[in-house]
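Trainee: Work out the full structure: start from the sequences and follow the hints.
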Amino acid sequence: MPSLGDNPLMLLVFALGAGMLTLGLLQLYKDLRRQETKKISERLGGYGASGKPAHLVRDVDAAQKSVVGRLLNSYDVGRAFRRFLTQADVPWPAHQVLSGIFLLICLVIIACLVLRIQRIAFLPPLIIAALAAFVGSIPIMVLAVKRALRLNQFTNQLPEVFDLIGQALRAGHSLITGIQLIGEQMKDPIGKEFQRVYQEQNFGVRLEDALNHLYERVGLLDVRMFCTAVLIQRQTGGDLAEVLDKSGAVIRARIKLAGQVKALTAEGRMSGAVLTVLPIFVFFMCYRINPRYMQELIWGDAQFLLKWGAMFHIFGILWIRKIIKIKY
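For what it's worth, our numbering labels the leading residue of the sequence shown as 111, then goes sequentially.
What the hints contain is simulated information worked out from the structure, not anything from laboratory work. Hints are not guaranteed to be accurate.
[Said to hold, decoys possible] Computed spacing ranges between beta-carbons, pair by pair:
#1 394 / 367: 36 to 42 Å
#2 187 / 327: 40 to 46 Å
#3 349 / 421: 52 to 58 Å
[What the hints assert, rightly or not] The calculated lysine-lysine pairs, modelled on DSS-like cross-linking and capped at a C-alpha distance of 30 Å, are:
#4 432 / 372
#5 297 / 356
#6 256 / 372
#7 417 / 432
#8 372 / 435
#9 417 / 356
#10 366 / 256
#11 372 / 297
#12 372 / 356
#13 302 / 432
#14 417 / 366
#15 372 / 302
#16 366 / 356
#17 297 / 366
#18 417 / 435
#19 256 / 432
#20 302 / 256
#21 417 / 372
#22 297 / 256
#23 366 / 435
#24 435 / 356
Virtual Cβ for every residue (Gly too), placed ideally from N, Cα, C.
Mentor: Take a look at the structure:
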């Protein structure tokens with residue numbers, strides 16, 4: 111049975127993978143300990159007379175102390191990823207999520223190398239890289255689905271929010287009181303977000319800034335319309351209740367149109383999903399049935415066919431998504 115010393119390249123890759131896995135586990139352990147220390151500190155002190163936290167603080171200390179967190183804060187891609195996690199309502203910081211994905215990829219690579227060294231399964235480096243990339247993308251896909259469902263639920267709740275705020279304004283209440291009612295009476299996710307707006311305003315943040323923070327967290331055009339209407343009304347005056355009623359009617363009409371579009375494009379979306387998965391499934395099935403034949407395709411003179419096929423497959427996926435994605 112071959113050992114690691116028989117192949118210096120495999121030994122180097124295995125050592126690098128083990129080292130990165132160790133560093134990732136240490137970073138994850140430090141983050142978990144830091145969260146436990148923070149929870150203990152919140153339980154022991156920092157509370158006012160009402161039993162609630164004395165001030166509203168954004169959780170950025172852990173990100174600033176982490177190397178990955180500092181890198182994320184330095185680039186637009188990192189800030190966009192952090193916003194993506196916020197929209198998916200993920201309780202962990204962005205650097206912890208990336209560390210977990212990195213650990214998952216390292217585990218897959220090490221497992222494949224061990225299987226190859228022990229001659230249990232001979233997987234070429236290209237297959238190992240593709241498998242690691244696929245496994246590493248699974249958490250991102252799960253979070254993307256969670257984000258889409260949450261934003262869709264948020265949009266469906268908006269018309270009712272506009273109605274409640276309009277009724278509160280007509281009853282003589284202030285806009286702040288209406289936002290407080292939304293935070294207390296509405297279910298998540300919209301209740302949680304409006305409760306945060308009320309808390310920010312209650313702790314001294316201007317209402318304009320609190321609404322801008324709401325739009326930054328959610329990123330929906332309908333929320334942008336609501337924030338703009340409130341800001342214009344506070345600067346120039348006008349009947350905000352009527353504006354909210356009309357905005358709610360527009361959103362209801364768009365939700366109805368979205369349902370009709372999904373019903374009409376269901377067959378096309380299903381065909382796109384089948385065409386996306388089918389080539390990958392056939393490739394792995396052929397490799398499972400006849401590995402030597404597929405190895406000739408991967409390592410032989412026909413390797414360029416596989417590369418061009420992968421490129422055209424990615425192009426086809428993007429083209430299908432463009433066809434079935436309808437803006438309304």
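Trainee: Can you name, in rising order, the numbers of the hints this structure does not satisfy?
Mentor: Those not satisfied are hints 2, 9, 13, 14 and 21.
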